[in-house]
Structures are given as structure tokens and as C-alpha cells.
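Q: Knowing the structure of chain A, use the given hints to seat chain B on it.
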Amino acid sequence: MRKKRYVGISVITGVFFLLTLGIGLAFFYNARELQQEQEKLYKARYAMIVEDKKTPFWQSAYEGARQEGADRDILVELAGTELSKDYSMADLMRIAIYSKADGIILEADESREMTNLINEAVAQGINVVTIYSDNAQSDRCSFVGVGGYKLGQEYGREVLKCAVEGEILKVAVLVNSTANDTGQNILYSGIQDTVDRRENKEVQVELSLVQVDNTNAFSVEESIRDLFMEEELPDVIVCLDELNTTCTYQAVVDYNKVGLVKILGYYESDTILKAIERKVIGATLTVNTEQMGRYCVKALTEYREIGTTSQYSTVDVKMIDSSNVSQYVVDAYAK
Amino acid sequence: MQSRMQNLSVQGKITWILIASNLVIFITILLLFGGINQISGRIDAVYRENLKLNELSSALFGVQDSMEAYLSARTSDSLEEFFRNEQIFSDMIREQEKNVTGTTFGYMEKSIYAMASAYVELVDQTIEAKRGRNVEKYRIRYENATQVFGYIQSYIESLNQERFEENSKTYSVVLERFRAFETAGSWLMTFVLVGNIFIIVKLIGTIISPLKQLAGYADQVSAGNFEIEITPTESKDEIGVVTRAFQKMVVSIRQYIEKLRQSMEVEQELKEKELLMETHLKDAKLKYLQAQINPHFLFNTLNAAAQLSMLEEADRTYDYLQNVANFFRYNVKNADEIVTLGQELDLIDYYIYILNVRFSGDIHYEKHADEKYLMLNMPGMILQPIVENCVRHGIHEMEGDGKIWLTVGEKNGKVYVSIRDNGVGMSQDVIRKVLDGEWRPDENVTNSNGVGMDNVIARLRLYHKRDDVMEIHSAGENLGTEFIVYVQ
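In order, the protein sequence lines correspond to chains A and B. If you use numbering that gives the first Met the number 0, the first sequence corresponds to residues 0 to 334, in order. If you use numbering that gives the first Met the number 0, the second sequence corresponds to residues 0 to 487, in order.
Okay, chain A solo, but in the shape it has when bound (with noise of 0.2 Å):
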């Protein structure tokens, strides 16, 4: 009897002892966990630098190339975002060379300062790869974008779906004033000769170059709304990037335009998706972003590895309609 006594109070000391001790260590290691919480290495950084880096369309990019990056153990970092200052790109690509940045990926143009900046860091011993718009001229050593004669011809092909027999489609394409680039002007001939080489030739087609005023934040939105001001409205408005598409879709919502224009969008943002489901606007082209942004990642790394890259990639272009557009906003959300 006594026996028992002791040996149910030895096993109750003995669970007692381990119970505290457990819950002590485990106290102990959980406020050690949170001190050893440690942010992942990286070995290499790769400065990114775009114009617009707020827009759904860069940000998706840099998710690609941050991802990419990732899971390289590069740091890719989008330059500017976390500066108090609002710097220009020159000044960005500076900081990127001063800072001694492993590599660059750049929103080029085809400026002189831009091919100037581009080989003082290839000078440096930056690689630079430009991105969805090149420096041709420069020491770049690849550039990763999206066809523009192969985009236009898709756009090519959509307003040739809106043509009805016996009748002129007047399209407006718009263009930035700014973009001394050839990309877009690639892109317009693409559209031209598609239209140019129409099977159909009882569909009549009036392309137009619209330019819009890109000088500052706010003028693109202003000059879209000056066109809907115009006696005359396109039957077909062709847009080239996501801003345009998102300003002429309010548009059209706003001067009570729907049915009456048609808008030919680009990218996938979420109103530009929510506007296809709604009618509003009749196709989108979307670019793989984010493969873009790995694409530039990879390239920037093989070069460094092993001293050479393709020169020229191009990223996967699809077309959103109404047709497929409800899968794209279920992946939207998924994200």
C-alpha cells in the first residue's frame, strides 16, 4: 500500500520535473527562435531600372526578376523604390554605377546620355541588360522585350476583325510624343502591314498615328480626353501601354462612348481585365511580364557565368478577349 504511495507520487514528481523543463526550454528556444530570425543572403545585387516602376506592368516584371533572382541568390533590387527622392533615370543609372551593382536591367532608350551611361558601366564592369526597350548603339550585353513588329501584327489582326465590309474602320493608334524609340514605330508598321495585307479587300481601313503628351505624370490622361473632345471619333483606338489603355477606357466610360469605340487595350491589369468583362474594352495584348523579368535575370547571370548571352529575347505575347478573359481574372485573383 505504501509502496504503491510512493511510486504513484515518485511517477507524479517525476512527470512534474519533465513537464517544467519541457515548458522552460521550450519558452527558452521560442525566444531564441525570434532572436536567430535571420533574413536570407543573397551574393550578388542587380539593380533594376524602369521609368514608370509603379505601374502593374513593371511591378509584375520586377516580380519576375526578383523571383528569378531569388531563387539564384541574387538580390534584384528596383532602383528608386525605396529612395525618398524622385530620381531620373540618369541619376539612378549614376547611383547604380557608383554603388558598384553587380548588374543592371534597364528600361533603355535610344538617347545618347542612355548609350553613354550604358557603356561607363560596362566600363565599370556592370553588365547591362536592357529591357522591353533597347540601346541598340550601346555595350549592352543583351536585350529581353517583346517583338514589336510580331505585337503589331496581332493588333493588325484584331482590327481586321472589327472591319465590316463597305465600310472605312478609321483606327487611332496612340503613341507617346516622347518615345524617339524605334519600338514603337516597329510595332505601327506591323500594324500597317497586316492591315496593308488583308485577304479581304472590301474592308477599308484608315490607320492614324495619335501622339500623346507623356512629358509629365499627369498629360496622358489630359491629351486622351482632349481626342474624345474632336468632332470626329476613331471607330478603333489602338493603345500601346497600360497608362493609355486605362485613360481611354475611362474615357469612353465617361463620354458615355461605349459600343461606339472600340479600344484595343495592352496588359492585364486588373480594371483593364474587369473592363474586358464588362465590354468595354474589346481585346487586350499582354505581354509575360514576368518572364520578361526573368529572362533579364538569367541573361545578366549567364553572362557573368560564362561570358556570353543571346543577344535578342523576345517574351511570350497573348491576346485577351472576351472569350478567355474569365480564366485570366481567376489567375489574377489566385495571385
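Quick caveat, the hints were computed from the structure, so don't treat them as lab data. Please note that a few of the clues may not be correct.
As a list, the in silico EDC-like pairs of lysine to aspartate or glutamate whose alpha-carbon atoms are at most 20 Å apart [said to hold, decoys possible]:
{"no.": "1", "chain 1": "B", "residue 1": "K109", "chain 2": "A", "residue 2": "E38"}
{"no.": "2", "chain 1": "B", "residue 1": "K97", "chain 2": "A", "residue 2": "D101"}
{"no.": "3", "chain 1": "B", "residue 1": "K332", "chain 2": "B", "residue 2": "D348"}
{"no.": "4", "chain 1": "B", "residue 1": "K109", "chain 2": "A", "residue 2": "D101"}
{"no.": "5", "chain 1": "A", "residue 1": "K42", "chain 2": "B", "residue 2": "E96"}
{"no.": "6", "chain 1": "B", "residue 1": "K97", "chain 2": "A", "residue 2": "E38"}
{"no.": "7", "chain 1": "A", "residue 1": "K99", "chain 2": "B", "residue 2": "E120"}
{"no.": "8", "chain 1": "A", "residue 1": "K84", "chain 2": "B", "residue 2": "E164"}
Here the structure is a predicted model, which is why all the values come from computation and not from measurement.
A: Chain B alone, transformed into the frame defined by chain A:
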């Protein structure tokens, strides 16, 4: 372990329990402190980085300011100041660069240090150009340096800001964790405390319980129950020792009592035998006496003799025979009964008469008794043996005429009978022996009626239920003896 625990003394056991419970509390507190220390370390780290960046920023300003001072005034003092500041700044960069890790913030810091190095180079070149008076060159380099200065400043600010935001987030997480830790810690301490108290109470209870059991046994033993069953214990501690000793003691007491009982039984048996023998002896004596003579036959014979002596007109013989017949009748009838004082006095008259006839009137007997006392009750055969004692030991052994005085009186509300002789007297030793019942004279049984002094005293004491029933006084040798018997 259990047996080792059992082998410990009570003090050892309690000491171990207290040490263990204190150890548990100590370890718990140590772990909690360790945890708190870890968390507070994290809080420290939150602000250390900001401090570092601020130091770097002020050193940067020092370089820029002193450079500008030199460029504008070109004094040797300002140049000296510049070199000093530049040295501090460069050292700081070198020092801090070592600890930079490859994290996101680490790379921002790396950028700052890279730009700072470029800045130092540019500043050096600017100063160089200024000293060489190359105006155009130092102007452009100054602009470049200032531009980089701006970049660095902007970076430091941004990094500070980012860090602050990150740290604030971390801080709130840490704080939350700290609170949670605090609450959980309190619960843990409460748990440990309650658990400890519970276990201490239980363990000490387990140690003490045999003692309580022992106390229960002791109570039972003190109440006279020696037949208790004591549970055997294996414990080697003091309580175990005491329990075993108690167990042995109880067994010993039991055995002792048994022995005592047995010896008392034997003694009792012996006494009974002795008494029985005495009774038998007395019985035998009585039977012997009775067998010798049938009392009725004796009385009839005596009566016949008395009538005969009356017919023959022998009056003295008649009286004598009458007295003898009365004496024996009384003796046979009233030996162990309650009689009156008057009857006892009559018996003495018969006895004295018979004696005087036997011993030719040697004994002078005087009696003073008030009639009011004659009906008092008392045990029979008390006074005659005393008178016989006076005659046999007091008077017969003296020379001259023996006298016996009998007085019935009252003293302090008690009625007494005083029997006094003028015989040889008694020594105090003999008086004490007589009163204590130890006196055994070499008596000739045939000369007595068989009732001794010890018997008289014993019966008186039994009757009165007290000890002071008789007094014996003797002034000395040949000065006589007085017996005082309290009748009431």
C-alpha cells in the same frame, strides 16, 4: 532510486525534496530570464543599426563641409580639418564594411559604402585639382562629388527610414511576443509553484504517514490494547526504526504481561490451596471436636447432671453445671453470629464462674455496665476470648490474686468495653504484634475455646469496616493490661 530514497533519513528526505523543488523553481526562473534576455537582445538590435547609420551620416557631412570650407577659403586649417574628417570617414567605412551581410538591407549598406568610397575618391580629386589651381576641373569634380554626396545622403535617409519601418514592425512583434512571454511565464511560474506545493505536501505526507500510523498504534496501546497488528515497514529512516522498535516493544510487553499473568495464576492457585488446607484443617478440628461429643448429648447430659444435683440438693453443683451448660450452648450457637452486648457479658459471667470453680475463686471479677448499652449489637465471641487472654497470660503467670475489671463506657460518642487485669502486663512489642495480628503464642489448644486474639481483631475490623477497633494499654511489667474494645 526508490530504495535509495527509502534508505535516507527523514531529514535527508525532506532536504532532498526541498532542494529538488527549489532547483525546479531555479531552473524555471533561469530559463525565463534566458528567454527575456534573448528578446531584449532583439530589441537592442533594432536600434543599433540606426545609430550606426546616423554616425556615418554625420561623418559624411563633416567631409563635405570641410571640403567646401577648403574650396572656398583654401586655408591650411581647413585642409587639415578636411584630411582629419576624411580619415574618420574612411576608417568608419572600412570598419563598418566588414560587418555587412548579404541581406537586402546589407546590400543597401554595401551600396552606401561603395558610393562613399567613390565619393572619397572624387573628393580627393577635387582637393587635388584645387591645390593644382585647375579651376575647371575642380569645379566639375566638386559637382560630381556633391552629386554623389546627395545620392549617399538620400540612400542613408532611405535606409534609415526603411530600417525604422522594419524595426517598428519587428518591435511591435517583439513587444507582442514579450507580452505573450510575460503572460505565459506567469502561468508557468504559477504552474511550477502549485505543482511544487502539491508534490511537497504529498511527499512529506508520504514520509509522515507512518508516523501518524504509529501515533494511532500508540494511542491504542495506551488504551490497553496490546493485540494490535502493526504493519511491517521496510523504511530505513528514523520513523522506520521507531516503528520497528515500537513493534518489538509491544510484543515484549505482551509477552511480559502473559508471564505476569501466568505467575499470578500460579500464586493464586497456591494461596487457594493454602486456604483450602487451613479450612480443611479447621474443619477437621471442628469435626474432631464435634465427633468427640455431640453438643445436644452434652447439654442433655449436663442438664441431667444439674437435675440430679438439684434432687440431691447440691446447689453449688447445680449452679456450676448450669453455667457450664450455658457457656457451651452459647459457644456452639453464637460462634459467628451477631449478638447483643448483654449476651456477651453473660458469657463472661459464665466463664468467670466456671474458672472460679476450677481455680477455687482466684479471680476477682468486677463488672460495671449500664443497662442502656446491653442491647447494642456486636459480633459474638469477642469479649470472652479477651477475658480468657487476661486470665491465661495476665493472671495465671502472676503471683497473688488476679483481678479483672470490665467497664462499659462511652467516649467521644463511641461505646467501648474496657477489660483490665492486674497481671504481668504486656511489652509494647507484644502489643504491636497482637494488634498487627502477628502474635502467635505457643498455645495449648486444649486449654482454649479455639478463638485467638487475631481472630477477634479481624472480625471486629470486618464488622466495623475500620482498623481502630481495639486498644491495648499496659503500663509495664506486672502492672496489668487494659483492652479497650469499641463496640460502636
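Q: Given the hinted pair B:K332 and B:D348, is their alpha-carbon gap at most 20 Å?
A: Given that 20 Å is the threshold and the Cα spacing comes to 17 Å, the pair holds.
Q: Need the status of pair B:K109, A:D101: alpha-carbon distance at most 20 Å?
A: It holds: about 11 Å lies between the C-alpha atoms, which stays within 20 Å.
Q: Holds or violated: are the alpha carbons of B:K97 and A:E38 at most 20 Å from each other?
A: OK: B:K97 and A:E38 at ~18 Å, within 20 Å.
Q: Going straight from one Cα to the other, do B:K109 and A:E38 come out at no more than 20 Å?
A: holds (16 Å)
Q: Between A:K84 and B:E164, does the CA-CA distance stay at or below 20 Å?
A: holds (17 Å)
Q: Can the restraint linking B:K97 and A:D101 be considered satisfied, given a maximum Cα separation of 20 Å?
A: Roughly 19 Å separates the two Cα atoms, so the pair holds.
Q: What's the verdict on A:K42 and B:E96, does the C-alpha distance respect the 20 Å limit or exceed it?
A: Satisfied, since the Cα-Cα distance of roughly 16 Å is no more than 20 Å.
Q: Is the Cα-Cα distance between A:K99 and B:E120 20 Å or less?
A: holds (14 Å)
Checked against the numbered hints given earlier, the structure satisfies every one of them.
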